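K.L.:
Residue strings, one per chain:
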Amino acid sequence: MPRQTPEQIATNRARYLELKAAASGRAPLVLPPPTPRDAAPPSADTVTLSETLPGGWYWTGIIRRGQVLRIANPAGTPGVSLLAWNLADTSERYNHADTIKIQWTAELRKGRVLFSDMGRVLLSIVEDSSGRHDTVVGGSTPASVARTYGADSGVRNARENFILAVGKHGLSQRDIPPCITFFAPVTVTAEGRFSFDAAGVTPGDFVSLRAEMDLILAISNTPHPLAPAVSPVPVELTIHSAPAAGPDDLCRTATAEAARGFVNTDAYLSA
Amino acid sequence: MTNSTFTPVLSNRDSATAIQDEMIQAEHPWSGIVRKGQVFRIIDSEGCQAVDTLFYSLADHTERYSAQDTVLAQGTPYIGPGSVLYSNRGNPLATVIADTSGSHDTSAGACSCESNTVRFGHQTKYMHACRENFLIAVSRHGMGKRDIVPNINFFMNVPIDPDGTLAIADGVSSGGDYVEMVAHQDLLCVISNCPQVNNPCNAFDPTPIRVLVWAD
Numbered sequence: 001m002p003r004q005t006p007e008q009i010a011t012n013r014a015r016y017l018e019l020k021a022a023a024s025g026r027a028p029l030v031l032p033p034p035t036p037r038d039a040a041p042p043s044a045d046t047v048t049l050s051e052t053l054p055g056g057w058y059w060t061g062i063i064r065r066g067q068v069l070r071i072a073n074p075a076g077t078p079g080v081s082l083l084a085w086n087l088a089d090t091s092e093r094y095n096h097a098d099t100i101k102i103q104w105t106a107e108l109r110k111g112r113v114l115f116s117d118m119g120r121v122l123l124s125i126v127e128d129s130s131g132r133h134d135t136v137v138g139g140s141t142p143a144s145v146a147r148t149y150g151a152d153s154g155v156r157n158a159r160e161n162f163i164l165a166v167g168k169h170g171l172s173q174r175d176i177p178p179c180i181t182f183f184a185p186v187t188v189t190a191e192g193r194f195s196f197d198a199a200g201v202t203p204g205d206f207v208s209l210r211a212e213m214d215l216i217l218a219i220s221n222t223p224h225p226l227a228p229a230v231s232p233v234p235v236e237l238t239i240h241s242a243p244a245a246g247p248d249d250l251c252r253t254a255t256a257e258a259a260r261g262f263v264n265t266d267a268y269l270s271a
Numbered sequence: 001m002t003n004s005t006f007t008p009v010l011s012n013r014d015s016a017t018a019i020q021d022e023m024i025q026a027e028h029p030w031s032g033i034v035r036k037g038q039v040f041r042i043i044d045s046e047g048c049q050a051v052d053t054l055f056y057s058l059a060d061h062t063e064r065y066s067a068q069d070t071v072l073a074q075g076t077p078y079i080g081p082g083s084v085l086y087s088n089r090g091n092p093l094a095t096v097i098a099d100t101s102g103s104h105d106t107s108a109g110a111c112s113c114e115s116n117t118v119r120f121g122h123q124t125k126y127m128h129a130c131r132e133n134f135l136i137a138v139s140r141h142g143m144g145k146r147d148i149v150p151n152i153n154f155f156m157n158v159p160i161d162p163d164g165t166l167a168i169a170d171g172v173s174s175g176g177d178y179v180e181m182v183a184h185q186d187l188l189c190v191i192s193n194c195p196q197v198n199n200p201c202n203a204f205d206p207t208p209i210r211v212l213v214w215a216d
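For the record, the sequence lines run as chains R and B. Per full-length UniProt numbering, the very first residue in the first sequence carries number 1; after that it's consecutive. Per full-length UniProt numbering, the very first residue in the second sequence carries number 1; after that it's consecutive.
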């Protein structure tokens, strides 16, 4: 196997450092501040789904390209987990590793996007009053619930909710990848440990996700596994139509990485 | 995570007594079986070579490595000495019992032709990538793309900062560094010896690795 030449190594290192510098310099300047809590309410005539998801329960359904899912957290439940699959080919699904690696950050907020395993954008974060979401640790599991609430608590968990959700679409445990959990302020400390900032979970926050292709969604309203032991409370799910995203759409243009992801998505959808 | 605080944990196993001993050439895939109680070592032969690794329960491939179960149980995103690697059913698959390098990643997943186009530009589409290796390897065991989940990247340095910033940093492993695990159930192990040359995960120059298995 031929090795890379010193010139190739130097060229590739220079390009990597250039991309890294561009991402770390540009994105924080371009990305907007959090959405005000009272901003961007969907008008009633555009709403196609309005659902109260009880604490502990899951919801699954289909969202079409261009529609927006709004997850509102009126009472401050600490964590709502989400997964998404391409409706036309469910082997394409949310990829948490690509999402953070491609965007050079585990901090997702307004202007960022969620990537599939195929280098395409599944969902764009078009509004977000919170900005405190967990992309690394994921949702609760039977083991995490037992640790937090006790072995016989009966508290529901994200892992089993997702098994139920995918089952309704003829899918199985093989189709459940790592998830994203909204309203879960998880950071990695300088010592390399996870930290959950319970004070960062604030009642009234919401996040709005625009589907960039037709998707199956699964949502689990279960507390983040690092959250203090609390009883989960309802969240409000709304799916509404929105104006078509133009070429200057924030989520398309904020970063070079997102722009290239949309090139892939657009090419796939127009094929 | 800085490596300055890392304390190596050594193994005294002798390669001459291993029951499997294989070189995996630069950029190549590999799969093999490690039985319950057996010890599995990956050697970074020349240093700075990311080794993308997945484990599946041999008895039921729907039980497989879970990055999120693993980091949740440990309280840290990094793999190191003492780390227990968990499955998507919450069962321990293996425990790291020796490690001379530290700074192993399990948050950043594996490169793919598709993600490379987004990360590095569309001119990188036709370059060999880890998920191509994984797909070839798992296809031999009746699995497909649905079964490829985010993996462990041994010897890959991906610090996550308190503000969320994350990038693949220069590797810290030297030639001969190794990580050693004991299996808690019969496992199918799948490796892509990462072919990526667009980031520092293997110093922009993929090199061979060596895999050893001992009966205990």
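Hints are computed from structural coordinates only; laboratory data are not their basis. Among these hints, one or two may not hold up.
[Said to hold, decoys possible] Heads up, simulated EDC-like pairs for lysine to aspartate or glutamate below, C-alpha to C-alpha not over 20 Å straight-line:
1. B/K145 to R/D248
2. R/K20 to B/D21
3. B/K36 to B/E46
[Said to hold, decoys possible] Only some residues are given here: those of chain B computed to face chain R with a beta carbon under 10 Å:
4. N88
5. R140
6. M143
7. I148
As the structure is a computational prediction, the values presented were derived from the model and not from experiment. Where is the CB? At the ideal position from N, CA and C, for every residue including glycine.
K.L.:
Next, verify each hint and record whether it holds.
P.N.:
Structure-based check of all given hints:
1. Annotation: proposed proximity of B/K145 to R/D248 is violated, straight-line Cα distance about 34 Å (limit 20 Å).
2. Restraint check for R/K20 and B/D21: not satisfied, since their Cα atoms lie roughly 38 Å apart, outside the 20 Å limit.
3. As the CA atoms of B/K36 and B/E46 are separated by approximately 29 Å, the hinted pair breaks the 20 Å bound.
4. Given the 10 Å rule on beta carbons, the hint for B/N88 holds: about 7 Å separates it from the nearest Cβ of chain R.
5. Taken as an interface hint, B/R140 does not check out: its beta carbon lies about 17 Å from the nearest beta carbon of chain R, beyond 10 Å.
6. Restraint check, B/M143 versus chain R: the minimum CB separation of about 8 Å is within 10 Å; hint holds.
7. The beta carbon of B/I148 is positioned within 10 Å of a beta carbon in chain R (closest approach about 8 Å), and the interface hint is therefore held.
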